[in-house]
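2 protein chains.
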Amino acid sequence: MFEFRLKNAADQVETHLTHVMASMGQLPVVDAMRYASAGGKRLRAFLVLESARLHDVPPDQAIWPATAIEAIHAYSLVHDDLPCMDDDALRRGLPTVHVKWDECTAVLAGDALHTLGFECVSHPDCHQDPAVRADLTLTLARAAGAQGMVLGQALDIAAETAGAPLTLSEITRLQAGKTGALFTWSATVGAVMARADTDPLQRYAKSLGLAFQIADDILDIEGDTQKVGKALGKDADAGKATFVSLLGLQGAKTRARALIDDACDALTPYGEHADALREAARFVISRDS
Amino acid sequence: MFEFRLKNAADQVETHLTHVMASMGQLPVVDAMRYASAGGKRLRAFLVLESARLHDVPPDQAIWPATAIEAIHAYSLVHDDLPCMDDDALRRGLPTVHVKWDECTAVLAGDALHTLGFECVSHPDCHQDPAVRADLTLTLARAAGAQGMVLGQALDIAAETAGAPLTLSEITRLQAGKTGALFTWSATVGAVMARADTDPLQRYAKSLGLAFQIADDILDIEGDTQKVGKALGKDADAGKATFVSLLGLQGAKTRARALIDDACDALTPYGEHADALREAARFVISRDS
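Top to bottom, those sequences are chains A and B. If you number the first sequence the way my numbering does, the last residue is 291 and the count never jumps. If you number the second sequence the way my numbering does, the last residue is 291 and the count never jumps.
Each hint should be verified, as a subset may be incorrect.
One copy or two, it doesn't matter: identical chains are merged, so the pair holds either way.
[What the hints assert, rightly or not] In silico DMTMM-like pairs for lysine to aspartate or glutamate, Cα to Cα no more than 25 Å straight-line:
1. K242 x D199
2. K43 x D89
3. K9 x D199
4. K9 x E105
5. K102 x D201
6. K242 x D104
7. K229 x E162
If you are wondering where the hints come from, they were derived from the structure by calculation, not from laboratory data.
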């Protein structure tokens, strides 16, 4: 069920991204926006659509925040890949935007995708109640900004220049910003749109996000570059603290499994309706890419 | 009156930016955000506050979109100054962010200021009616994105790599995106917040934005680097088409004056209440920085 719905989420977002960018013409920046926002697992969009389904939010409304979060995620990857940031030449098995075009186009395409995310959540078709649209915008801004995703990035960079490697609690805080904030936003969207309690999904997403990052650190060691589609082993080579360096490979795997159990427990109020989200949690730590 | 109110707008925005960034801690990225968003003429914030005043919107609400537009403007300058973009070392007479810190910090600080703009317009204190907040977000996203400001930037870059210099109509379209879209958003905010007709202020801002850009091109030729606080003569040296290269220096001045007359005419419905906006229009073409 999960795989089918993940694929379905990916198809829907692909179509909707094409739709919202249809009137933007054929400038290199717009081509780069389309290129950078194509493909990927679409896990965040899946979380949005599933949490909407749990709360009977119509799919033609939920597609707007699903598209928004994928636009924001795409912008963050384009900027992260820049030579002055992680300097990555490969993403999803393809040349990164600054390699295929140039740095200037990558900066601008990232900026425009960033804005597009906010355009999608504030679009009238996203929800009939403007209070919901304003809420989605405010929470998305907080999750993406200097107290969310950018904070995580900034802590990551600060760690590189600091003398000592990060502790477990520091790296947990870093990842809560870098990955966790957008995961949490995605998973709670349905509850926000239905004006329902966000607590269970918040707990689910918090554990899921951390498990996702631990799995990423494990993939960085054990993964197959071909399947993952990006350079691996960079963190270990750079001597950076990761969950694996701090907990050991087995310790990291045990911790990830415990987090997934937590995540699944949090879904109890939704009964079997949340089975796809449970499968997603198990997928997150068993994926090979 | 205009100078007093412009100074007042600058002071208010300065205070409010400090307030909204107060809880962000002391990371280099946050320091860079504060540095990049300090100073400047604050013309966009002034436009927001004046259009709010014209429509009896309380100043403690209007300060939110005023701060938002200055955060967005600051982000655009930080990214424009990057080596891969305009490669400017000086801004407002001070080292640019990537010079004072590094490129990575500049990319991230710009990104976080970008997000902060959307956080400000969707903040509950910005307006009691969430429909207004959602509207401000949607229109800001459209003005800043790939059909507004980023479009202008992209056209500017495309022009540099194209063989032939731009025509007058091409450069007018470019500037309508690059400067005009955010000017128009700023000047119409008060009408949007009061649910009033935005047409007169839209007409005002359209002429004002274009006149502003023509004045910029004139300053690039006639200005004093010390006063302007950034490198001058770059466009002429690069053989780029500007309003001055296309219309001649006198022709550009005549055109700018005609646009300012248009802008002032558009304000007729507001009578003498709009005198500060009229003064602002005259300032835009007489400024030396």
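Verification of the supplied hints:
no.	hint	in the structure
1	K242 x D199	neither (38 Å within a copy, 57 Å between copies)
2	K43 x D89	within (22 Å within a copy, 36 Å between copies)
3	K9 x D199	neither (28 Å within a copy, 45 Å between copies)
4	K9 x E105	neither (31 Å within a copy, 37 Å between copies)
5	K102 x D201	neither (42 Å within a copy, 43 Å between copies)
6	K242 x D104	between (28 Å within a copy, 21 Å between copies)
7	K229 x E162	neither (27 Å within a copy, 39 Å between copies)
Going down the numbered hints, you'll see the structure goes against 1, 3, 4, 5, 7, while the others check out.
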